[in-house]
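J.: Each chain, letter by letter, is given below.
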Amino acid sequence: MKEQLPALLIVVPLVTALLSPLVAYFSTRLLRGLHLTALATSFACAVGTLIHALTEGTWHYRFGDWAPPWGIEYVIDPLSGVMAVLISLISVLVLLYAGPFLAEEGWLKKGIYYALYTLLTTGLLGMVITGDVFNLYVFLEISSLAAYALIASGGYKATVAAFRYVLIGTIGASLYLLGVGYLYAVTGSLNMADLAEKLQPLLAANSQAVLIAVLLIMVGMGIKMALFPLHGWLPDAYTYTSPAAIPFISGVMTKVMIYVLLRYCFFIFGAMNGVLPAVLEIVGWLAAAGIILASVMAIAQTDFRRMLAYSSVAQIGYIALGMAIGNYYGLIGAVLHILNHAVMKSCLFLVAGGVKWKTGEHAIAKYAEISRRMPVTMGVFLLGALSMIGIPPTAGFFSKWYLILGALDNQQWLYIVVIIVSSLLNAVYFFRVIEQAYLRKAEGEAKPEETLASVEIAIKNRGPELPYVMLVPIVVLGAGILLLGVCNNVIVTNILHYALPGGGL
Amino acid sequence: MKLIASVAMLCMVGIFFTTTAGLPQIYNPHSAPSEHVSPRYIEKSTKETGSPNFVTAVLADYRGYDTLGETTVIFTAGLATALLLRSRRTPSFKNEQACLVKGDPDE
Amino acid sequence: MNNRFGTIVLDISFRVIIPFIMLYGVYVLIHGEDSPGGGFQAGALFGIAVVLSRLVHGEQAILNVSGDKALILAGIGTAIYGSVGVVTLLFGGNFLEYGTLPLNISEPGRHALGILAIELGVTICVMSTIVVIFDALVGREEE
Amino acid sequence: MQEFFTSYFIYWVIFLLFLLGPYGIIFKNNLIKKLMAMNVMQVAVILFFLVLGQKMGGEIPVEVPGLLGAGHYINPLPHALMLTAIVVSLATTGVSLALLLLVQKHYGVLEEDELLRRMNER
Chain A
1406 MKEQLPALLI
1416 VVPLVTALLS
1426 PLVAYFSTRL
1436 LRGLHLTALA
1446 TSFACAVGTL
1456 IHALTEGTWH
1466 YRFGDWAPPW
1476 GIEYVIDPLS
1486 GVMAVLISLI
1496 SVLVLLYAGP
1506 FLAEEGWLKK
1516 GIYYALYTLL
1526 TTGLLGMVIT
1536 GDVFNLYVFL
1546 EISSLAAYAL
1556 IASGGYKATV
1566 AAFRYVLIGT
1576 IGASLYLLGV
1586 GYLYAVTGSL
1596 NMADLAEKLQ
1606 PLLAANSQAV
1616 LIAVLLIMVG
1626 MGIKMALFPL
1636 HGWLPDAYTY
1646 TSPAAIPFIS
1656 GVMTKVMIYV
1666 LLRYCFFIFG
1676 AMNGVLPAVL
1686 EIVGWLAAAG
1696 IILASVMAIA
1706 QTDFRRMLAY
1716 SSVAQIGYIA
1726 LGMAIGNYYG
1736 LIGAVLHILN
1746 HAVMKSCLFL
1756 VAGGVKWKTG
1766 EHAIAKYAEI
1776 SRRMPVTMGV
1786 FLLGALSMIG
1796 IPPTAGFFSK
1806 WYLILGALDN
1816 QQWLYIVVII
1826 VSSLLNAVYF
1836 FRVIEQAYLR
1846 KAEGEAKPEE
1856 TLASVEIAIK
1866 NRGPELPYVM
1876 LVPIVVLGAG
1886 ILLLGVCNNV
1896 IVTNILHYAL
1906 PGGGL
Chain B
3 MKLIASVAML
13 CMVGIFFTTT
23 AGLPQIYNPH
33 SAPSEHVSPR
43 YIEKSTKETG
53 SPNFVTAVLA
63 DYRGYDTLGE
73 TTVIFTAGLA
83 TALLLRSRRT
93 PSFKNEQACL
103 VKGDPDE
Chain C
18 MNNRFGTIVL
28 DISFRVIIPF
38 IMLYGVYVLI
48 HGEDSPGGGF
58 QAGALFGIAV
68 VLSRLVHGEQ
78 AILNVSGDKA
88 LILAGIGTAI
98 YGSVGVVTLL
108 FGGNFLEYGT
118 LPLNISEPGR
128 HALGILAIEL
138 GVTICVMSTI
148 VVIFDALVGR
158 EEE
Chain D
2 MQEFFTSYFI
12 YWVIFLLFLL
22 GPYGIIFKNN
32 LIKKLMAMNV
42 MQVAVILFFL
52 VLGQKMGGEI
62 PVEVPGLLGA
72 GHYINPLPHA
82 LMLTAIVVSL
92 ATTGVSLALL
102 LLVQKHYGVL
112 EEDELLRRMN
122 ER
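Chains as they are written, first to last, in the numbering used here: chain A, 1406 to 1910; chain B, 3 to 109; chain C, 18 to 160; chain D, 2 to 123.
It cannot be assumed that every hint is accurate.
Quick look at which bits of chain B chain D covers, simulated, 3 or more residues with Cβ under 8 angstroms [what the hints assert, rightly or not]: (1) 20-32; (2) 52-59; (3) 81-87.
Here are the simulated distance ranges between beta carbons [unchecked claim]: (4) ALA1610/A - VAL41/D: 40 to 46 angstroms; (5) ILE122/C - THR1898/A: 29 to 35 angstroms; (6) ILE17/B - GLN1605/A: 22 to 28 angstroms; (7) ARG119/D - TRP1818/A: 34 to 40 angstroms; (8) ALA23/B - PRO1906/A: 46 to 52 angstroms.
Think of the hints as simulated: they come from the structure by calculation, not from any bench. Glycine residues also receive a C-beta, built at the ideal position from the N, C-alpha and C atoms.
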């Protein structure tokens, strides 16, 4: 069975999701266990494939045993292996965390929710390890549809946000598909490796059709990953979504899109070919502008989740910046920041959801004295915030460090300035929350606007900390931040080094 | 915002219209798509898959995994509509709060 | 039984047409190998038949696949597709490698049967999803 | 010139259709119109692929006994791909219609400016 791991990685959660309405009909307890098991299995498979890819080289898996340009193949190299591990790990943890939020729902809703969540995971995993550009589109749509539904489940405002996301996301997906159409028109192939081979002469000859394909795919994926001027859908979608799903969506979804872009730019087109350097230059400028502007926007927010959403836009900018720098250190920084930011942002949204669970509040102004009520959670929050700012022992510092090294190599001083300035801006907006949570005293006894709902929540969720199922994922991801920071050298030399194009240049 | 969008779209029109020559001519039997991957489907699919309908052969056999994804897309759409429209009225919603989970009380 | 479409002509003709729609669906499903057609089209036809029968007969419809059951059925349909792949996995092939299906017929025959099996799954899924969406849109659930 | 026109005219139509999508989504006020524009855009992409599959003198891609050879049939791959894309566009439309139904039920309006006003009021 070992040679089937890449298929099992997808098939186990997929089949679980398909059967989940049926299982939910009989027992919701079984449903939860089943989904956790399926995702954990997927995680184990991902680890197995990553180890295989590192020790024995890239793993090609053929579906239906058809040879690659005709059939669909899965390609697992260290980069996609790392991404698969990341996705499945965060997926398991967030599903564990989501349990209490769903406790009061009926069987049907539970079944649907779990199914959609697992389908989202499946779609993202499929996008990461596929070796076929059209298959990527299909899985992109699976994950997008699941994400639309999960985002819309957060209430009426979320519905409007989700509708906007549907429109904009579909533009992105259609642009991507049109780009694939252009590639297909000039090469006749849909397989990534085959495409890479066939595109080299065309790129060298500056073919116009390939130029358009590059632009279309860049813009399409740029929309999906919320690159700076195309990020319009993101803040609303992240703000109004239900706290059970958003840690996963925010942490992983945009990262997968940028991974796709990375794969296209450096593995299919080849970054130093034809028009690519010019396009990447533009991406770099946009990313730099996005980092600064989104950080400033984040400072202006009063809602914790909205602040995190804008900070997401800024952090996506870092990754795009690393891609635009494009040398060894830049790419290491970009990939490392994908990992770091996925862990950090999921962790921070988990904390936000935890606070919401406890107090029913999201406004930063209501965070006063919260550190006394939930010391562990807020401790992890402190860690995450320090990491976002980039304080040395935490993960965030090292990816920024690699980015700066890369920019130094290319003598792009402005990028260095942008990174440093944005770190200061990060410090400003996270310090506001830290100050509220740790230093500010709650203002007297007069509790403003004590609504019925908030009293209800307060009574139901009494006790010193969050329930264990919610606390464990938070702590694990908090530990992950530290671990990624302390062991970054090990990760870079042993895994990421081989993940770059050409096995480390 | 709208101004930028219209400028961007005019640019797209320009780019698209000036670069059509890079695409294969319509009806050209020697274009890249007709010469690279597809001949095998046409020539061998009856022998290899037992289906004289090439589209079915490609859809269900050579690229059968895509079709699994596609069916999953439909299922996802069904789940999404059911989640959005039906379950708002389930008995577990006492106070008409239309959120799946503990959503915004400010609705 | 009242006239749901206003006139007796429409009512009766819809009633008569339903079995033929289903028959055509079966034809499209089975003949999809040799001519244009296949699971999705057949599923759409079946879905229409179910919806139409519900419109005409109301609660007493014979084909009363509705609500939660339809959703479960959609999952099962897609899972049939997936399980064909899992069976090929278990018999030592790659995922969806119909050649390894444990049947005592020629290689193209096994492929053809595999294709038919997955088309059946697709049909069930599409049919039930159409019913789910119809149910959701008209909102006649759990009242 | 005329040859150029006949060979490439179809692409121009497709691009115009495609750009109708972003145009409608950005400039129209009614959400249903936006959705329709989105659909037009998806159909344009489908057309683009189908055009790539055409061949002069090609039959439909179902084998006629005795007629072999790649030149005799049109390219089946774009058709198979576009069946998938059609289904995807159907699914997206279904989900967005469901979303619109909810919006309409709660806010009672589908015009975007009015909707935003009512959203901010509550």
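J.: Against each hint, give a clear statement of whether it holds in the structure.
T.: Right, here's what the structure says about each hint:
no. : hint                                     : in the structure
1   : 20-32                                    : holds (count 9)
2   : 52-59                                    : holds (count 5)
3   : 81-87                                    : holds (count 4)
4   : ALA1610/A - VAL41/D: 40 to 46 angstroms  : violated (34 angstroms)
5   : ILE122/C - THR1898/A: 29 to 35 angstroms : violated (54 angstroms)
6   : ILE17/B - GLN1605/A: 22 to 28 angstroms  : holds (23 angstroms)
7   : ARG119/D - TRP1818/A: 34 to 40 angstroms : violated (49 angstroms)
8   : ALA23/B - PRO1906/A: 46 to 52 angstroms  : violated (31 angstroms)
Consistency note: the structure conflicts with the earlier hints numbered 4, 5, 7 and 8.
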